[in-house]
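Participant: Based on these hints, arrange chain B on the given structure of chain A.
Number of protein chains: 2
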Amino acid sequence: MADHELKVQLLLTGNEIMSGDTVDSNSALIARRLAELAITVHRKVTVGDDIELLQAELAAMADDADLLIVNGGLGPTIDDLTAEVLARVTGVDTEEHPRALAHLQDWCGRRRLTLNAANRKQAMLPAGADIIDNPIGSAVGFEMMVGKCRVICTPGVPGELAAMLDIIIADLARRTERPLERSILRLQTFGLGESTAQQMISDGIGDWPGEVELGFRAGAPQMEIKLSINSAGAMAARQRCREQLEQLFGDHIIGEGDMTLAARVLDLLRERGATLTTAESCTGGLIASMLTRIPGSSDSFHAGFVTYANSIKHAVLGVDEQVLAREGAVSEPVVRQMALGAMERSGADYAIAVSGIAGPDGGTPDKPVGTVWLAWGSRDELHSCCLRWPVERTLFQTMVAAAGLDMIRRVLLGLDTEPRYFSQRRV
Amino acid sequence: MADHELKVQLLLTGNEIMSGDTVDSNSALIARRLAELAITVHRKVTVGDDIELLQAELAAMADDADLLIVNGGLGPTIDDLTAEVLARVTGVDTEEHPRALAHLQDWCGRRRLTLNAANRKQAMLPAGADIIDNPIGSAVGFEMMVGKCRVICTPGVPGELAAMLDIIIADLARRTERPLERSILRLQTFGLGESTAQQMISDGIGDWPGEVELGFRAGAPQMEIKLSINSAGAMAARQRCREQLEQLFGDHIIGEGDMTLAARVLDLLRERGATLTTAESCTGGLIASMLTRIPGSSDSFHAGFVTYANSIKHAVLGVDEQVLAREGAVSEPVVRQMALGAMERSGADYAIAVSGIAGPDGGTPDKPVGTVWLAWGSRDELHSCCLRWPVERTLFQTMVAAAGLDMIRRVLLGLDTEPRYFSQRRV
Numbered sequence: 000m001a002d003h004e005l006k007v008q009l010l011l012t013g014n015e016i017m018s019g020d021t022v023d024s025n026s027a028l029i030a031r032r033l034a035e036l037a038i039t040v041h042r043k044v045t046v047g048d049d050i051e052l053l054q055a056e057l058a059a060m061a062d063d064a065d066l067l068i069v070n071g072g073l074g075p076t077i078d079d080l081t082a083e084v085l086a087r088v089t090g091v092d093t094e095e096h097p098r099a100l101a102h103l104q105d106w107c108g109r110r111r112l113t114l115n116a117a118n119r120k121q122a123m124l125p126a127g128a129d130i131i132d133n134p135i136g137s138a139v140g141f142e143m144m145v146g147k148c149r150v151i152c153t154p155g156v157p158g159e160l161a162a163m164l165d166i167i168i169a170d171l172a173r174r175t176e177r178p179l180e181r182s183i184l185r186l187q188t189f190g191l192g193e194s195t196a197q198q199m200i201s202d203g204i205g206d207w208p209g210e211v212e213l214g215f216r217a218g219a220p221q222m223e224i225k226l227s228i229n230s231a232g233a234m235a236a237r238q239r240c241r242e243q244l245e246q247l248f249g250d251h252i253i254g255e256g257d258m259t260l261a262a263r264v265l266d267l268l269r270e271r272g273a274t275l276t277t278a279e280s281c282t283g284g285l286i287a288s289m290l291t292r293i294p295g296s297s298d299s300f301h302a303g304f305v306t307y308a309n310s311i312k313h314a315v316l317g318v319d320e321q322v323l324a325r326e327g328a329v330s331e332p333v334v335r336q337m338a339l340g341a342m343e344r345s346g347a348d349y350a351i352a353v354s355g356i357a358g359p360d361g362g363t364p365d366k367p368v369g370t371v372w373l374a375w376g377s378r379d380e381l382h383s384c385c386l387r388w389p390v391e392r393t394l395f396q397t398m399v400a401a402a403g404l405d406m407i408r409r410v411l412l413g414l415d416t417e418p419r420y421f422s423q424r425r426v
Numbered sequence: 000m001a002d003h004e005l006k007v008q009l010l011l012t013g014n015e016i017m018s019g020d021t022v023d024s025n026s027a028l029i030a031r032r033l034a035e036l037a038i039t040v041h042r043k044v045t046v047g048d049d050i051e052l053l054q055a056e057l058a059a060m061a062d063d064a065d066l067l068i069v070n071g072g073l074g075p076t077i078d079d080l081t082a083e084v085l086a087r088v089t090g091v092d093t094e095e096h097p098r099a100l101a102h103l104q105d106w107c108g109r110r111r112l113t114l115n116a117a118n119r120k121q122a123m124l125p126a127g128a129d130i131i132d133n134p135i136g137s138a139v140g141f142e143m144m145v146g147k148c149r150v151i152c153t154p155g156v157p158g159e160l161a162a163m164l165d166i167i168i169a170d171l172a173r174r175t176e177r178p179l180e181r182s183i184l185r186l187q188t189f190g191l192g193e194s195t196a197q198q199m200i201s202d203g204i205g206d207w208p209g210e211v212e213l214g215f216r217a218g219a220p221q222m223e224i225k226l227s228i229n230s231a232g233a234m235a236a237r238q239r240c241r242e243q244l245e246q247l248f249g250d251h252i253i254g255e256g257d258m259t260l261a262a263r264v265l266d267l268l269r270e271r272g273a274t275l276t277t278a279e280s281c282t283g284g285l286i287a288s289m290l291t292r293i294p295g296s297s298d299s300f301h302a303g304f305v306t307y308a309n310s311i312k313h314a315v316l317g318v319d320e321q322v323l324a325r326e327g328a329v330s331e332p333v334v335r336q337m338a339l340g341a342m343e344r345s346g347a348d349y350a351i352a353v354s355g356i357a358g359p360d361g362g363t364p365d366k367p368v369g370t371v372w373l374a375w376g377s378r379d380e381l382h383s384c385c386l387r388w389p390v391e392r393t394l395f396q397t398m399v400a401a402a403g404l405d406m407i408r409r410v411l412l413g414l415d416t417e418p419r420y421f422s423q424r425r426v
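Each protein sequence line maps, in turn, to chains A and B.
For the first sequence, numbering that gives the first Met the number 0 begins at 0 and goes up steadily by one.
For the second sequence, numbering that gives the first Met the number 0 begins at 0 and goes up steadily by one.
The shape of chain A in the complex, shown without the other chains (with noise of 0.2 Å):
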């Protein structure tokens, strides 16, 4: 089978996607990962957990296809029917697999769990069905031909569907011959919207060649910059591409693949044997636990302070009372302090300090919901300025809590250029 022909459709089970209580990230986790392999998915259907309405569509859908992967319907209540749905389109019963019994059975132990009837369900499989690994969950997926389409079950809960996929999309690769190198390059940005990158992009690059195709997923508080390739001859054209977006975005640009702010400046901080800490007002703890969400983040990352109220600015980091009752909480001064304050109790090399006002309520005609003044540096070199997001206040949080390691990250880089969003936000 030539590799363009392949013929992908998507299954989606689940009550909560089709009430909308759950927004379905997973379908388009597969689709990305499959686009590693070049191959699109053509078509995509989702039902609930109805067993007369699962049959009927697997069935249309394993008839019109050359691989199905169906998500969802895995787990072990009554409403997960996949298993006994690809039973009845293959005409074979549900049996206990062995291997997936183990798999149960080793997953509870670990957890010191017992392993009840409802978890023993998930051992139950339609005969003569290939195991999946599940590296994280307690649901093994499973797969089997329905006629000539290849039908894969995966299980619906994201993490457990992303490891599993690495098992799929290596096998993939190997059954479809095509190369496991990545034809995707993703690139972290962390200041540039969407619409921005793609006008600087088409002013900037006027020969962009057709072998190499972009594409952005903005999200917060970072834009991915992707580009993909068909072949292996285009990889001299998407260096060159590298090179010219490098260039074009220069310092906005984080890093490769899945890098963050908080790991680059963990990064960067471990290079140079440094310590950074956190005085942290509107954004609450958000940006240690941007932090410290990093394994080895520990190294680098000793104390952090969440200073909501203006006697605890004052108790905790120092911040002078009477600066705090003259200049309010959100101003230069006690955002400087803050970060002073915050150096001093941990003895860290480097601090962000945060005080906004995150909303809903607590705007001031001088000083509106979405002001938040920034203070970062060492004890030597201490910035700060005031910039303004005027968003919802968990998004508030988000890149406001992004934008103090970003300025980091430009301290620990010895870079001296703004960023552009200085120049939209900047009060």
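It is possible that part of the hints are untrue.
Copies of the same chain look alike in the list, so a pair counts if it fits in one copy or across any two.
[Stated by the list, open to error] In silico DSBU-like pairs for lysine-lysine, Cα to Cα no more than 35 Å straight-line:
hint: 1; residue 1: K147; residue 2: K6
hint: 2; residue 1: K225; residue 2: K366
hint: 3; residue 1: K120; residue 2: K6
hint: 4; residue 1: K147; residue 2: K120
hint: 5; residue 1: K225; residue 2: K120
hint: 6; residue 1: K225; residue 2: K147
hint: 7; residue 1: K120; residue 2: K366
hint: 8; residue 1: K6; residue 2: K366
hint: 9; residue 1: K147; residue 2: K366
Note that these hints are calculated values from the structure, not bench results.
Facilitator: Chain B only, in chain A's frame:
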């Protein structure tokens, strides 16, 4: 037409959704809005911007459904195909609709834009289609009958869709004579797994009524239990189910709707005029961040401490250095001193303190990765315990942070029962 017979399907179009570059949240929004009328979505199909594929799909779906909502493909670019596809399926031509054109002229005028050819394309609609206003964007929606199926075409831009859905849902409520009451009850729980909950219900509630549909959504850290009914007549049955669930799960139920542990704790603190502080080691600011995401958290949460390093536990919270050296950071006396120190430094009435090993490194035979000491309560009544949660780092942080909040919730409620997860997790 009787209410429960309304068969609704969704057709989504867009290459960016198929490729996984955009996660589709529109279909979840549509489903949630329909749920307000106790209308459930039966089936959902997603395809790329391919005219043949769209035409075949739309025709087949309209043949099967009573109501088909199409989302996407209304924009100005050549890959926006919905109007053309609907015209083909109904066998009419597209023509310029005066009302759609007037809307576009007005929209451009207010933005001081000239109406260009690309924009003008958005007024070309199937002959005979009825227009649905777009309160925000340039492209109007439209609807027409395809055989016995009502087909409604909506924009892919989320904000525009949301605004248009207000109109569509109000119209649908009128047509179907449904009261605009919610048919879905959601209960939030912490400390129960999906399989445990399912097993407890199977064992504990023998006579579950057929007209109340039971669903679970296992998230991290909370699990949602959902009770859905399709007619107002089932209200009483649902209420009985709710009471049975409350008896069964008791204080593992945090609240209704979108209630979170952090919001519940903040509500309880506010009712009592009390304040809370946090002393976090392995959760690294996550508890503080969960609290401060909630608007108004500053009423009851004034200060949090992230004390990652031992030296900081001593310097900032006054933990005894000899105790640290003798017992180690992950120990009962240390976590109790952290809680007391945080209350003393902040003046708060209650504290949560955690110290554990999030991994992947740092475990020992005595204290493997996943071990955590928690302390919670007030100066007068401080509790502590050691739990083991041997899961991946960020999930460990999430579950431990939630457990801390859950224990404070229990103290504030005056509960003296132990949560079920203690029996499994306690070391």
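Participant: Take the hints in turn and mark each one as holding or not.
Facilitator: Outcome of the hint check:
no.: 1; hint: K147 / K6; verdict: both (11 Å within a copy, 32 Å between copies)
no.: 2; hint: K225 / K366; verdict: neither (38 Å within a copy, 42 Å between copies)
no.: 3; hint: K120 / K6; verdict: both (32 Å within a copy, 32 Å between copies)
no.: 4; hint: K147 / K120; verdict: within (28 Å within a copy, 42 Å between copies)
no.: 5; hint: K225 / K120; verdict: between (41 Å within a copy, 22 Å between copies)
no.: 6; hint: K225 / K147; verdict: within (33 Å within a copy, 39 Å between copies)
no.: 7; hint: K120 / K366; verdict: between (58 Å within a copy, 33 Å between copies)
no.: 8; hint: K6 / K366; verdict: neither (56 Å within a copy, 50 Å between copies)
no.: 9; hint: K147 / K366; verdict: neither (65 Å within a copy, 52 Å between copies)
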